[in-house]
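Visitor: Here is how the chains run, residue by residue.
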Amino acid sequence: METLITYNAVHHNPWGTPITIYFWLVGASAGSFVLSAFGWVFGIKRYKPLALSASVLAIGMLMIVPVLLIWDLGKPFRFIYLMLPGYWHGTAPMAWGSLLILSYPVSMFVYTYFVIKNDQKWAKIIGIIAIVLALSTHWYTGVVMELNPGRYINHTPLAPLLFLTGAFISGIGLMILVLWIKNFFMSEEKKIKWALMEEMAQYMMYGIVFDCFLLFLDFMQTQYGTASENIGHHEVLMNIFFTPYIMLETVIGLLLPLVILCSPLKRTRLGVYGASLLVAGGVYGMRIWWVMGGQYMQSFY
Amino acid sequence: MSSENKHESSTHHLREYGVQTPGTKGIPGKRRYSMVIDLRKCIGCMSCVVACKAEYGVPLGVWRTWVMVADKGRYPDSRRIFMPRLCNHCDYPICVRNCPTQATFKHAEGFVLQRYNRCIGCRTCVIACPYNARHFLPAKRTNNNLPKLVVDKCTFCIHRVKKGLVPACVQACVGGARIFGDVNDPKSEVAKLTAKEKVTVLKPELGTSPSVYYIGGDWEIMDETHNYKHRSAQQKAEFNTFKRNHHGDAFADIVEGENTMHHVGKNMSDFLASIPHKFHDVVAALKKLLFA
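Protein sequences, first through last, are from chains A and B.
For the first sequence, my numbering assigns the number 120 to the initial residue and increments by one for each residue that follows.
For the second sequence, my numbering assigns the number 314 to the initial residue and increments by one for each residue that follows.
Any given hint could be a false lead.
Restraint-style ranges between C-beta atoms, simulated for each label pair [unchecked claim]: (1) B/Ala546 / A/Phe161: 57 to 63 Å; (2) B/His575 / A/Val175: 31 to 37 Å; (3) B/Phe592 / A/Phe335: 42 to 48 Å; (4) B/Gly374 / A/Glu354: 21 to 27 Å.
Output of the computed footprint for chain A on chain B, the stretches with three or more beta carbons under 8 Å from beta carbons of chain A [what the hints assert, rightly or not]: (5) 336-342; (6) 437-443; (7) 474-487; (8) 499-508; (9) 540-547.
Derived from the structure by calculation, the hints contain no laboratory data.
Keep in mind it's a predicted model, so treat the numbers as computed, not measured.
Note that the Cβ used here is the ideal one computed from N, Cα and C, for glycine as well.
So that you can see chain A by itself, here it is in the shape it has in the complex (with noise of 0.2 Å):
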């Protein structure tokens, strides 16, 4: 007969929903923002039209961010000690990312603003800047849960690779159901042209792919994995958070987005701008799980 335990104090879990939606931002802005330096930064011309609409899309979607984590502090004033002299603490994750969540903004506006006047030197050479910091700060969302070794479903480094391909993905949905509507109100010759959403549609595919065989990596290693791996990917994710880590993102995100996208249908709008939306609020369930999933098993302890 085992140990049963009957009695222990429980403990909160601290981090919530707003930090799921921190992460989803963070993930579809810079995921925008890769689109938006395809044509500037890497040279491809077709992307150029939508370039604008891209890093207007990423700096909007970042602009809510400052807003959550700041409100989320239990001392939102001292928000400014993550960056003091003497406060700082080189050793932390966070104190990395608020310098980060500080430089990207500003980088993107400075890029957006040589896009405006076309400046295509400088587009570049300030493109190439937010791009690394676009990619660092959605690596450190994913770094910063995983350098925690008591939080067993979180401590693995595949975190912020499966952080930034669903910050890729996402990222292209949106941006596709974003240039969707924006295409009503265009006329004609300036319509983003259908072939390129077709095109983004395909890189959003590869994504998707990358993204499943991630998730199947880590599904190995819970099941190969320690005790707690095991019991937290078999008692926690299958079972306490199945809505959001199979309904949502397996099913919804990524299943469902990879059959339309495969078949005849990745042809037709419906088909594309289905896929996107789902692709978009599917990677969501991600956050949740990998938020909130990761503290549960802890908070019995």
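Got chain A; can you put chain B on it based on the hints?
Guide: Frame of chain A, contents of chain B only:
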């Protein structure tokens, strides 16, 4: 320094980054306050919990120290076992490494302490602590002079230790299960006990080098995964009741067996409701300044 400690220092040096004071365990001439908990003597009276609550005015729903209870075996060969818990005052504390504003720090004599005036209430340290030893103080407190909306934790009663007293939980322990002292002093009781008895620590695999040692520890109650897998129906019910009744502080509290997405939404509304409390002190100060 023993050869074992030398080995520990050399293998753990990378972990010392971000820890303001290097680990002092086994270093001659340095104090290293530690606690030994003899589980054979613990009767589960919870005096330590009450003493701690009284000493610091710890709010309802959070704990600096608490006692876990488990039932082992089957009637008639069954017994009830207890395990007091508190901050482990690790030599390589993850909470200190991950705190972005150096609000939490490692004292030279082994205490892991919290500076309320530096804490921004981001709760990173709560996420980082593998022992659940940290808690977030609520916005509303009975005594308004006590800190609010920052993270708090066990201090090993440093204010008492500096006056030559033992921590409140140690003084209140009726069974003499909690023993406190300088583990670097070979004459101290904790040094003698850790040398003589077979002691265990919580989650040794994380390499945090805790300073709370258990004598007679049962691996099943000490193991987090076992705890989760073998939680009783009573504990599940208590957990759900607790999670339903503690709102307003923007925590990710999910009630087991209910729709997760419903609680995700509820958590967001709790977050929105908590915002005015966070600005309350500043608004009150501004009002005073403008309308005094």
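Visitor: Each hint: holds or not?
Guide: Verification of the hints:
no.	hint	result
1	B/Ala546 / A/Phe161: 57 to 63 Å	holds, 58 Å
2	B/His575 / A/Val175: 31 to 37 Å	holds, 34 Å
3	B/Phe592 / A/Phe335: 42 to 48 Å	holds, 46 Å
4	B/Gly374 / A/Glu354: 21 to 27 Å	holds, 25 Å
5	336-342	violated (count 0)
6	437-443	holds (count 6)
7	474-487	violated (count 0)
8	499-508	violated (count 0)
9	540-547	holds (count 7)
In summary, the numbered hints that this structure violates are 5, 7 and 8.
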